[in-house]
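Engineer: Listed here are the chains, written in short residue letters.
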Amino acid sequence: MAIASLNQLRPLRLFLTGLRRRWLEWRMGISIDPSASISLSSRFIGGQPGGISVGADTLVAFKTLLDARDLATGTVRPIRIGQRCFIGGGSMIMPGVTLADEVIVAAGAVVFHDVPARSIVAGNPARVVRSDIKVGRFGRLDGANENTRRMYKL
Amino acid sequence: MAIASLNQLRPLRLFLTGLRRRWLEWRMGISIDPSASISLSSRFIGGQPGGISVGADTLVAFKTLLDARDLATGTVRPIRIGQRCFIGGGSMIMPGVTLADEVIVAAGAVVFHDVPARSIVAGNPARVVRSDIKVGRFGRLDGANENTRRMYKL
Amino acid sequence: MAIASLNQLRPLRLFLTGLRRRWLEWRMGISIDPSASISLSSRFIGGQPGGISVGADTLVAFKTLLDARDLATGTVRPIRIGQRCFIGGGSMIMPGVTLADEVIVAAGAVVFHDVPARSIVAGNPARVVRSDIKVGRFGRLDGANENTRRMYKL
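Chains as they are written, first to last, in numbering that gives the first Met the number 0: chain A, 0 to 153; chain B, 0 to 153; chain C, 0 to 153.
The reader is advised that the hints may include incorrect statements.
Where chains are identical, the list cannot tell them apart; a pair therefore holds if satisfied intra-copy or between any two copies.
As the list claims (entries may be wrong) - List time: in silico SDA-like cross-link candidates among lysine to any residue, alpha-carbon distance up to 25 Å:
#1 Lys133 with Thr74
#2 Lys133 with Asp69
#3 Lys133 with Phe111
#4 Lys133 with Arg42
#5 Lys133 with Ser52
It should be emphasised that the hints constitute simulated quantities derived from the structure, not laboratory data.
This is chain A alone, in the form it adopts within the complex:
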């Protein structure tokens, strides 16, 4: 199976992700918890040191964009991502947005406003579609089994 062969690349991927995390921190002042999992195709634009922070056990999926530069005010408005969040593929997080802990951002969502803890947001503009969820590591919904870990190769 292709999944098995991709898993053989896991050590390389983890090495590259760790390298990138250190580079983002050192050169861009973007702080990403070492326990977070960051897709190599995600894009972080902090604008200035401290522009973006990502909490523990959070997963940022492929083709996501986090951009802290605000054209309207000509300033950087920091983006804060909590712990145990899941930022779905292709989604965008706008300047000044704070995601509390245990937030799931659906694939393709464009988030303009803060999101309270234990919520799922979806759509463009993103709206809360579910509240009081219970999640584990990487924003896995309670009841999601080990398959999720394997599917995302975490």
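Fit chains B and C to the supplied structure of chain A, relying on the hints for placement.
Structural biologist: Frame of chain A, contents of chains B and C only:
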């Protein structure tokens, strides 16, 4: 004209698309009808064999994403695309979604729910914006002339 | 700082952008004002000569798509972008859309309909979220200071 010169690449593109279709089928268990037209920049993530199927005379445009892996349940929920559909550029099809025959997905749409036959869906989240349409091959609306075929180089 | 080192690449970027603008005009019949700023990762599909035009002092950000080909009618419906507009990252402009002068398109927006002057549109489908704005060059909101220029390296 540029369009003319791009058309000179058509045999190469058809060859690469056919190669990719076979690879997706053999390695990923994704079934794509040979009469379907699949952009090379579309992305199919089946998760497991049988995770995605695409019907005859359907067009999947550039930068689309079909992802059958469901984080919430930790399982794969198959994606089914019918015949004579048009999946617009940059759109996303979520796990478990079935598109019936002759469905048009507008560019940039994010589809979370099943779509009934002969409908147009648009937006994020995608909603039905038109029903009872009549389409031909590749989801071309009735009345669209040969230009469409030429524009998309089919 | 990384921003400083990126700015050292500015002459190269301006040279490539100018080259691309000329190529788009000569080969594709797409007219872009020389004072406009066009991201190298933006994508212009004119369909035929005259399919797209972009006005003076307008900024088209990264990963945007402007596609003037209309599947429904099988024809090209030209896209017109006015002056002093800002087309946000990851947004899409659909066939037949005219943006008047001084329009801001939020990141990730998908624009299906014409937008009146001095408006901000956001969402998918895009809707007017603010009117009667005052902007300067590149759609900078009145009050945005020089930082914006620096952030976008204009």
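Engineer: Measure nothing new, just compare the shortest in-copy and cross-copy C-alpha distances for lysine 133 and serine 52 to 25 Å and report within, between, both or neither.
Structural biologist: So lysine 133 and serine 52 pass the 25 Å test inside one copy only (23 Å; across, 32 Å).
Engineer: Have a look at lysine 133 and threonine 74 and pick one of within, between, both or neither, based on CA distance no larger than 25 Å.
Structural biologist: Answer is between: at 18 Å across copies they meet the 25 Å cutoff, but 35 Å inside does not.
Engineer: State whether the alpha carbon distance between lysine 133 and aspartate 69 is at most 25 Å within one copy, between copies, both, or neither.
Structural biologist: between (33 Å within a copy, 16 Å between copies)
Engineer: Are the CA atoms of lysine 133 and phenylalanine 111 at most 25 Å apart within a copy, between copies, both, or neither?
Structural biologist: Intra 23 Å, inter 21 Å, cutoff 25 Å: intra and inter.
Engineer: When Cα atoms must be at most 25 Å apart, do lysine 133 and arginine 42 count as within-copy, between-copy, both, or neither?
Structural biologist: neither (28 Å within a copy, 30 Å between copies)
Violated hints amount to a single one, hint 4; each of the other numbered hints is respected by the structure.
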